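Line order of the protein sequences matches chains A and B. Numbering-wise (my numbering), the first sequence opens with residue 1 and increments by one. Numbering-wise (my numbering), the second sequence opens with residue 1 and increments by one.
Hints in this document: simulated from the structure, not taken from any laboratory. There could be a bad hint or two in this list.
Pairs involving identical chains hold if they fit within one copy or between any two copies, as the list cannot separate such chains.
Simulated pairs of lysine to any residue, SDA-like, Cα-Cα distance not exceeding 25 Å [stated by the list, open to error]:
#	residue 1	residue 2
1	521	369
2	54	91
3	54	487
4	54	480
5	454	418
6	521	320
7	505	327
8	54	481
9	519	370
10	54	485
11	54	88
Computed from a predicted structure; not experimentally measured.
Number of protein chains: 2
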Amino acid sequence: MADKEDRMVILTDSISREKISIDPMTRKFYLELSEPSLEDNRADVDRLAAAVEKLLGPVTVPLELMRRIPGVLRDACWRVTVTVGMVAPGVWSLVDVEPGNTVRRHYGLAVDIGTTTVVVYLVDMHNGQILGKAAGYNGQVALGEDILTRIYLAGTPGGLEQLQRAVLDTLNDLIGRLAGEHGLAGREISAVAAGANSTMVHLFLGLDPSRICMAPYIPVVNNPGFIPAGQLGLKINPLAPVYCLPSVGSYVGGDVVAGVLASGLHRQPELALFVDIGTNGEIIMGNRDWLVGCAGAAGPALEGGVAECGMRAEPGAIDSISIDPGTGRVRYTTIGGAPPAGICGSGLVDCLAELLLAGIVDRAGRFRDGRREFVVVPAAESATGRDIVVTQVDINNLMRTKGAVNAALELLLESVGCELSDIDRFYAAGAFGQYLHLESAITIGLYPDLPREKMIRLGNASGEGARLVLLSNRKREEAEAIARNITYFELNANQVFMNKFIGSKFLPHTNLDYYPTVKAKLVERGLVGDGES
Amino acid sequence: MADKEDRMVILTDSISREKISIDPMTRKFYLELSEPSLEDNRADVDRLAAAVEKLLGPVTVPLELMRRIPGVLRDACWRVTVTVGMVAPGVWSLVDVEPGNTVRRHYGLAVDIGTTTVVVYLVDMHNGQILGKAAGYNGQVALGEDILTRIYLAGTPGGLEQLQRAVLDTLNDLIGRLAGEHGLAGREISAVAAGANSTMVHLFLGLDPSRICMAPYIPVVNNPGFIPAGQLGLKINPLAPVYCLPSVGSYVGGDVVAGVLASGLHRQPELALFVDIGTNGEIIMGNRDWLVGCAGAAGPALEGGVAECGMRAEPGAIDSISIDPGTGRVRYTTIGGAPPAGICGSGLVDCLAELLLAGIVDRAGRFRDGRREFVVVPAAESATGRDIVVTQVDINNLMRTKGAVNAALELLLESVGCELSDIDRFYAAGAFGQYLHLESAITIGLYPDLPREKMIRLGNASGEGARLVLLSNRKREEAEAIARNITYFELNANQVFMNKFIGSKFLPHTNLDYYPTVKAKLVERGLVGDGES
Numbered sequence: 001m002a003d004k005e006d007r008m009v010i011l012t013d014s015i016s017r018e019k020i021s022i023d024p025m026t027r028k029f030y031l032e033l034s035e036p037s038l039e040d041n042r043a044d045v046d047r048l049a050a051a052v053e054k055l056l057g058p059v060t061v062p063l064e065l066m067r068r069i070p071g072v073l074r075d076a077c078w079r080v081t082v083t084v085g086m087v088a089p090g091v092w093s094l095v096d097v098e099p100g101n102t103v104r105r106h107y108g109l110a111v112d113i114g115t116t117t118v119v120v121y122l123v124d125m126h127n128g129q130i131l132g133k134a135a136g137y138n139g140q141v142a143l144g145e146d147i148l149t150r151i152y153l154a155g156t157p158g159g160l161e162q163l164q165r166a167v168l169d170t171l172n173d174l175i176g177r178l179a180g181e182h183g184l185a186g187r188e189i190s191a192v193a194a195g196a197n198s199t200m201v202h203l204f205l206g207l208d209p210s211r212i213c214m215a216p217y218i219p220v221v222n223n224p225g226f227i228p229a230g231q232l233g234l235k236i237n238p239l240a241p242v243y244c245l246p247s248v249g250s251y252v253g254g255d256v257v258a259g260v261l262a263s264g265l266h267r268q269p270e271l272a273l274f275v276d277i278g279t280n281g282e283i284i285m286g287n288r289d290w291l292v293g294c295a296g297a298a299g300p301a302l303e304g305g306v307a308e309c310g311m312r313a314e315p316g317a318i319d320s321i322s323i324d325p326g327t328g329r330v331r332y333t334t335i336g337g338a339p340p341a342g343i344c345g346s347g348l349v350d351c352l353a354e355l356l357l358a359g360i361v362d363r364a365g366r367f368r369d370g371r372r373e374f375v376v377v378p379a380a381e382s383a384t385g386r387d388i389v390v391t392q393v394d395i396n397n398l399m400r401t402k403g404a405v406n407a408a409l410e411l412l413l414e415s416v417g418c419e420l421s422d423i424d425r426f427y428a429a430g431a432f433g434q435y436l437h438l439e440s441a442i443t444i445g446l447y448p449d450l451p452r453e454k455m456i457r458l459g460n461a462s463g464e465g466a467r468l469v470l471l472s473n474r475k476r477e478e479a480e481a482i483a484r485n486i487t488y489f490e491l492n493a494n495q496v497f498m499n500k501f502i503g504s505k506f507l508p509h510t511n512l513d514y515y516p517t518v519k520a521k522l523v524e525r526g527l528v529g530d531g532e533s
Numbered sequence: 001m002a003d004k005e006d007r008m009v010i011l012t013d014s015i016s017r018e019k020i021s022i023d024p025m026t027r028k029f030y031l032e033l034s035e036p037s038l039e040d041n042r043a044d045v046d047r048l049a050a051a052v053e054k055l056l057g058p059v060t061v062p063l064e065l066m067r068r069i070p071g072v073l074r075d076a077c078w079r080v081t082v083t084v085g086m087v088a089p090g091v092w093s094l095v096d097v098e099p100g101n102t103v104r105r106h107y108g109l110a111v112d113i114g115t116t117t118v119v120v121y122l123v124d125m126h127n128g129q130i131l132g133k134a135a136g137y138n139g140q141v142a143l144g145e146d147i148l149t150r151i152y153l154a155g156t157p158g159g160l161e162q163l164q165r166a167v168l169d170t171l172n173d174l175i176g177r178l179a180g181e182h183g184l185a186g187r188e189i190s191a192v193a194a195g196a197n198s199t200m201v202h203l204f205l206g207l208d209p210s211r212i213c214m215a216p217y218i219p220v221v222n223n224p225g226f227i228p229a230g231q232l233g234l235k236i237n238p239l240a241p242v243y244c245l246p247s248v249g250s251y252v253g254g255d256v257v258a259g260v261l262a263s264g265l266h267r268q269p270e271l272a273l274f275v276d277i278g279t280n281g282e283i284i285m286g287n288r289d290w291l292v293g294c295a296g297a298a299g300p301a302l303e304g305g306v307a308e309c310g311m312r313a314e315p316g317a318i319d320s321i322s323i324d325p326g327t328g329r330v331r332y333t334t335i336g337g338a339p340p341a342g343i344c345g346s347g348l349v350d351c352l353a354e355l356l357l358a359g360i361v362d363r364a365g366r367f368r369d370g371r372r373e374f375v376v377v378p379a380a381e382s383a384t385g386r387d388i389v390v391t392q393v394d395i396n397n398l399m400r401t402k403g404a405v406n407a408a409l410e411l412l413l414e415s416v417g418c419e420l421s422d423i424d425r426f427y428a429a430g431a432f433g434q435y436l437h438l439e440s441a442i443t444i445g446l447y448p449d450l451p452r453e454k455m456i457r458l459g460n461a462s463g464e465g466a467r468l469v470l471l472s473n474r475k476r477e478e479a480e481a482i483a484r485n486i487t488y489f490e491l492n493a494n495q496v497f498m499n500k501f502i503g504s505k506f507l508p509h510t511n512l513d514y515y516p517t518v519k520a521k522l523v524e525r526g527l528v529g530d531g532e533s
């Protein structure tokens, strides 16, 4: 593992690895061409294109490859491997011509461009395996921590170019590391599929994101199609198609579509819920017949830097907490076992859940004894020399986050005439989905209280969805169908949502009966009466 | 007309203007889009693409246009005109988005890139009319007069780039003149179709032409497809598709395919002959069922600079000559009525024909009195102060040219089991086809002796074929079918051709009975006996 990876926890693993038949975004064919003669004097490019056409149908040849083809064909004694890629659905164009048989050296990238972190998977497109991965902070973080700051920066002179440059530098750095580790030339990478939220797609492509955050929230593009890598400045084959998974809209991006694709919920008969809580929270609900979704700025409370002692999930971050209900004694773990320096999202959720179960906060999220904060780690033990605390303000923020998720979910359920109890599966995507402790997330009402075996962590579903699309044109079509078919509910300026949000004041839920296992725990500890709801 | 045009005669007119239904290489659509709202919050690019898709089917949107679309849509209050162009047969891509309704401002270029001259026609793609034309010398002439010199130059460091730059400068100069004269911006020109020989196509596209003149004579490409103008450096819309008419091979180029297309011989039941004599001579024979063709370095004798007093068809060039058989007195005309400075191709052909009919040269092309030259204009009358003459060497060269044409034609006829008398139509393409005097060309045996109403001058058939392809996708498909269907006979190293060539020693033909009208004239003047053949 590279140095940078050791210093942080970034989600690069995925649970679900669907078996798919490989029908990748670029294909390679080994060709043994007949040598030209006076009797067969077809032009070099036409000879090559005709051979590909026999295998695949019509193919176009970019001018820059025409210039190289005569030399490669002759140097290789007319035995070459061509790479073809999509320029539009079902339309193939030549991406490369290499001497000899290189069919087994066929590489693509599945990329997850997050607001904070970027993960690049090197995929063997011959067998579908992930050969390696590299992750790093999105270089844009140094220019603006959150999305709104970046959208603002993009509107200033040179800002958009600067932001695009930053994420490209990050990607090229990660790509260079992977290529180096696996002994391949950048030119051998012939395809990219990327899962990213709408703003990240805009900044990656150099498109103005300003209208994403202004009503009526209109992106420049939801489905950008296939863009040659050279037009973006990615240091791989310049003709490699770069495909960003389509967005539903400004607030449900290609990362979510990738996640739904990876979950497979769009192909199942049972009603399923897909939740990705990050800076934004996105909720998709549905089955093989229909899909609804919504999104909102749900997550800041969980991000590093918002809570009083919040920090990113880096070494020294407290990532799990338990509180002895009898003694009030706190146990915790930190990432990497380093001295505690702050609390990351999973620690915060644990803390609130444990505070509730220990009777230190009430169901309204207030400290029962009126204190302003709870000391998780005293100054003497901490790496910072100060108490590491969770404050009433932190709890209020977290309550708002979970309230927004509850309200959004209820809005979706009402819109399709379903109830919470109709939900058969729950998929948690994204970094929080991977690292939040399930019981704690249920205890505070962030996740629904379903049978645990029906609750599935998807891991880096955005990266996994990108890998599926990279390897299968059918999966790409499914992704496009998902984006097209999700009925999106705009929560901004939605009065029904606001009412539900304001009503979502209690832990785990206003109606405790929706959370039977949490109710049982609270009753057992005498924190609520059996008849209460 | 511009200055440069006044100083020379370049073929820019065409006789045949086939009525075609307009289905052009780029299309324009005026769209009134619904404004986005919270209820209809599709992305700008997707909204636009969906509207085009309704009219045309799927369309891809290049990244550079994505960047401009949001601004144009809003500035134009969602009423815009889109231009779409082909990137591959049947595959459409956005070329431009303009505010308001500009459907009637729809411009393309039909281009004839000759070795010596370049002609650009500005075509109104809305109604098919030619709005204007501009012509000039190919800037490559300054780098190398003939094709072989240029192919050699292309092989030297930087030579190919220099040659490409030269023809692009010529084109951009002509385009700039046309755009200026017609008050339109370069960006409004959204398509180009070009007719050119294989070497000119290679140099235009920056492709190595070296193998065109080495056995087995393999071009880099015969059918380059659609190339964005910006990749070539043409100063028009950078996304405009540039389509070079397909070549049959190294020696039958897109200019000839364009000519055959313009003639329509590929759609007629009668056997027809198509001849384009220039630096190279190309002959195509056939009908709607089959096509055969061949080519050879036939024409240098007719080009300026080869004959002793040869010159290009510029003012002062003697372009027609008659010789009084009784007195031997010469009458001539010059281009522009300027004082005679030399003889161009049509003057040379006239001269040989008149010398034969006046009995000054015999049917073997030798001066009967053994002299070495014939004075057309004495020094006192000439602009150069020297005699303007046609020498025995000039005549020998011209005999070789016509011998090569005869031999090639006979080879083609034999290959398909036809005779000269089976030919029903004759099409003369190119500059020589336009300006050679028909009777003289028949008298010396360069053209067959057919009923004159069956002999058709095509004018600038290459430019006209390009115009047809620009305006009609069906015509483009016809051009591709012509290129595919011509069975090409390689004359280089062809022994049958060499034998016939060596045997083609007589004016107008070894077998005088093939030329009944010429025979009649010769008999009438007592130059041959009635029974001779």
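We went through each hint and held it up to the structure:
no. : hint      : verdict
1   : 521 - 369 : within (21 Å within a copy, 128 Å between copies)
2   : 54 - 91   : both (15 Å within a copy, 19 Å between copies)
3   : 54 - 487  : between (42 Å within a copy, 22 Å between copies)
4   : 54 - 480  : between (29 Å within a copy, 18 Å between copies)
5   : 454 - 418 : within (18 Å within a copy, 82 Å between copies)
6   : 521 - 320 : within (19 Å within a copy, 112 Å between copies)
7   : 505 - 327 : neither (28 Å within a copy, 120 Å between copies)
8   : 54 - 481  : between (30 Å within a copy, 18 Å between copies)
9   : 519 - 370 : within (24 Å within a copy, 125 Å between copies)
10  : 54 - 485  : between (36 Å within a copy, 19 Å between copies)
11  : 54 - 88   : both (20 Å within a copy, 17 Å between copies)
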